[in-house]
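Protein chains in written order, with our numbering: chain W, 1 to 187; chain C, 1001 to 1139.
The reader is advised that the hints may include incorrect statements.
Pairwise CB distance ranges (calculated) [unchecked claim]: (1) C:1105 to W:103: 37 to 45 Å; (2) W:106 to C:1051: 28 to 36 Å; (3) W:60 to C:1112: 29 to 37 Å; (4) W:11 to C:1036: 43 to 51 Å; (5) W:14 to C:1115: 38 to 46 Å; (6) C:1054 to W:184: 24 to 32 Å; (7) W:150 to C:1117: 22 to 30 Å.
Think of the hints as simulated: they come from the structure by calculation, not from any bench.
For each residue, glycine too, the CB sits at the ideal point set by N, CA and C.
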Amino acid sequence: MSRALILGPTSWKRGTLRGSVGWLPRRAVPRGSRRLDLTPLDLRRSVATALASRGHEPILFEDLPKKPNETLTRSFRDLLPTIAEGGIFVLWPKDASMHGVDWELGILGDRIEERTLDPARVILLLERGVGRVDFHANRFSIGQPGSRTRYFEDLIAWGCPISVWSTYSELLRRAVLRAEGLRVATD
Amino acid sequence: MNAHFMGNMAKRRGAPRTVDREDPLSFLLRSRPAQEVLERLRGQPLMIPTELRRSVGVHPEAFRRLISNLDGYALVSVRAISSGPRARGSSTSPFRVPIGIQITPGGVKLLEVAQQVRQMVRRHARALPQSSAAHWLAA
């Protein structure tokens, strides 16, 4: 079993409504989710459910029990070495508010710079429309001016794999296959 | 992949995508260009997409779909070529980086399996129906 940390936004940008959990496969709907108002956090929980169904151990930082007197920073720093042989998935759906994720992404960038985290294990899952891979011009670009985070750009610049998805089912499948690929790489 | 789990999500119109229908090994055995791309990438640190496309001789749109499928199966990774800090631009201008394509460790292992399967089929060529032999034993 390999551990997979799933990072990403929790909410949409103000005024955005991106559909319902009814769009998700029934088995991927997180327990207790309402039928409406699918949030980016719901999406991350769906990725977690998909990974768990394939024998991985998904982790959402929000759900980790916090020890008394331990700061969030310490808790996150302690978590990262336990993922060394697993993977870290950074999810970026279109129209999501990414600013709350800055802090986690900054620590990931720090670990990559320190060479204690392999960038190949940090998978960036972007929805089509957020980023564009142009094989003709040999380049990748992100739009979303004013919304993207500089730390995310750092992770891209450090060579973390970029995977662009179009539908929620494609997102789940890509996450599952990436996790399986990382497990193969470790075996 | 669990067919029920992944299947009932396809509420869009049109035929299901390749990655909806197949597993990575089936795809690799069926797609000669996919195998060729992985063979070119094996042992290379990172390849420029246009160079890779020209070396395989695939139409640009077919190449885009091919890499999208290979990436979807986690057999290749698309990532920035420059691995390090870069000059800061304005936050209102688009962020652009040069990219390359790399085979993943899983891709290397699956390519080996696919090649062994092909070798085994060649060894049993006489047992194959003619149509299968024409497909599998083609250069």
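Quick rundown of the hints versus the structure:
no.	hint	verdict
1	C:1105 to W:103: 37 to 45 Å	violated (30 Å)
2	W:106 to C:1051: 28 to 36 Å	holds (34 Å)
3	W:60 to C:1112: 29 to 37 Å	holds (35 Å)
4	W:11 to C:1036: 43 to 51 Å	holds (44 Å)
5	W:14 to C:1115: 38 to 46 Å	violated (53 Å)
6	C:1054 to W:184: 24 to 32 Å	holds (30 Å)
7	W:150 to C:1117: 22 to 30 Å	violated (46 Å)
When the structure is compared with the earlier hints, violations turn up for hints 1, 5 and 7 and for no others.
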